[in-house]
Every structure is written in structure tokens, then in C-alpha cells.
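**Q** Chain order of the listed sequences is A and B.
Residue numbers for the first sequence follow my numbering, so the first one is 1 and each next one is one higher.
Residue numbers for the second sequence follow my numbering, so the first one is 1 and each next one is one higher.
Hints are computed from structural coordinates only; laboratory data are not their basis.
From a predicted model like this one, the values you see are computed outputs, not experimental measurements.
A few of these clues could be false.
Which copy? The list can't say, so a pair holds if one copy fits it or any two copies do.
Stated by the list, open to error - Mimicking DSBU-like on lysine-lysine, the simulated pairs with C-alpha atoms at most 30 Å apart in a straight line are: (1) K70 x K20; (2) K70 x K35; (3) K35 x K5; (4) K35 x K25; (5) K45 x K25; (6) K20 x K48; (7) K50 x K70; (8) K7 x K45; (9) K35 x K23; (10) K48 x K23; (11) K23 x K45; (12) K48 x K25; (13) K45 x K5; (14) K45 x K20.
There are 2 protein chains.
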Amino acid sequence: MQNEKDKVDFLIQFGSNFGKIRKMKNLSFRALSQKCDLDYADLNKIEKGKRNITLTTIAELARGLNVHPKELFDFDFTP
Amino acid sequence: MQNEKDKVDFLIQFGSNFGKIRKMKNLSFRALSQKCDLDYADLNKIEKGKRNITLTTIAELARGLNVHPKELFDFDFTP
């Protein structure tokens, strides 16, 4: 079971990896928001690890980035 | 952008893949619920694709199953 710190860390890792992919794809928040149903402010908060997004939002993000959702979880994790 | 059907399909695919991993690990819902902070009814609904869970719940599920969260997304997806 995870404590509060584990949860915060997980959101930060997800956000930071999302940022890495976004930059690799040369997409600004604005450009990305035009490719998916998430606005600039949402994307910014997700990247900062300040949003606990749901499965369908993960799918939306993956579509916007044109990646498999798996790639959004491509970071170290100890179960 | 995804329509309602895409969203429902994504939840169903996630649930079905979760079920595959759970069975591969020989874990009943009850056994799994003892390994993580999710109860029997939650797990059952997730497996049926009836729950749009958040990132931290995905992490909790991964810890319970002792897998990387990536494995929970190991299914076909066309961005």
C-alpha cells in the first residue's frame, strides 16, 4: 500500500515523463491542446504532477501525443 | 479526440487486461484486495471496465499485483 508521499511522487514522475515526451515531439502546450480534448491549463498541471487524471484522460493524452499509453508510464517504479 | 465509445472501449480493454494479469498471478479479488487499498467491489468493477480510475489508483493496483503500471496498459491501442 502506498502512503501520501508515494502518491505525490507517482504523479510527479508521470508528469515529468509526459513533459519529456511532449518536448521530444516538439509540441507546445498550445499545440498539444489543439490535438486533444485537454486545455492548456490542464496540460500544464498534469506536467507539474498536480493532476490525478483518469484512464480516459490518459487515453486522450496518448492520442494527442500520438503514443501508446504505455509510453506515458515509461519511468522507474518499484511495486 | 475520442468519442464516448472510444472511452468505454478503453476502460473495457484496461479491465480485461487487468483481469488477465490477476488470473496469471493466481489472485482472487479477495486476495488482491488484501494486498492493496482497493476493496473487492472496486476491483470487480475495474475488471468489468466500469471504473474510470485515477493515476494513484493505477499505482495502487500495480503495487497489489506486483507489476509495473506499464503492464496494465499492455493491450492494443491506436492513438
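**Q** For every hint, state whether the structure bears it out.
**A** Status of the hints after comparison with the structure:
1. K70 x K20: both (14 Å within a copy, 17 Å between copies)
2. K70 x K35: For K70 and K35, both the intra-copy (19 Å) and inter-copy (24 Å) Cα distances are at most 30 Å.
3. K35 x K5: Answer is between; shortest inter-copy Cα gap is 19 Å, intra-copy 32 Å.
4. K35 x K25: Within. Shortest intra-copy distance 12 Å satisfies the 30 Å Cα cut-off; inter-copy 38 Å does not.
5. K45 x K25: Within one copy only: 19 Å inside a chain, 35 Å across chains, cut-off 30 Å.
6. K20 x K48: within (12 Å within a copy, 33 Å between copies)
7. K50 x K70: both (20 Å within a copy, 21 Å between copies)
8. K7 x K45: Result: close both inside a copy and across copies, 16 Å intra and 22 Å inter.
9. K35 x K23: Within one copy, since 15 Å is at most 30 Å while 37 Å is not.
10. K48 x K23: within (14 Å within a copy, 35 Å between copies)
11. K23 x K45: Result: close within a single copy only, 16 Å intra versus 36 Å inter.
12. K48 x K25: Within. Shortest intra-copy distance 18 Å satisfies the 30 Å Cα cut-off; inter-copy 34 Å does not.
13. K45 x K5: Close inside one copy (18 Å) and across copies (27 Å); limit 30 Å.
14. K45 x K20: Answer is within: at 15 Å inside a copy they meet the 30 Å cutoff, but 33 Å across does not.
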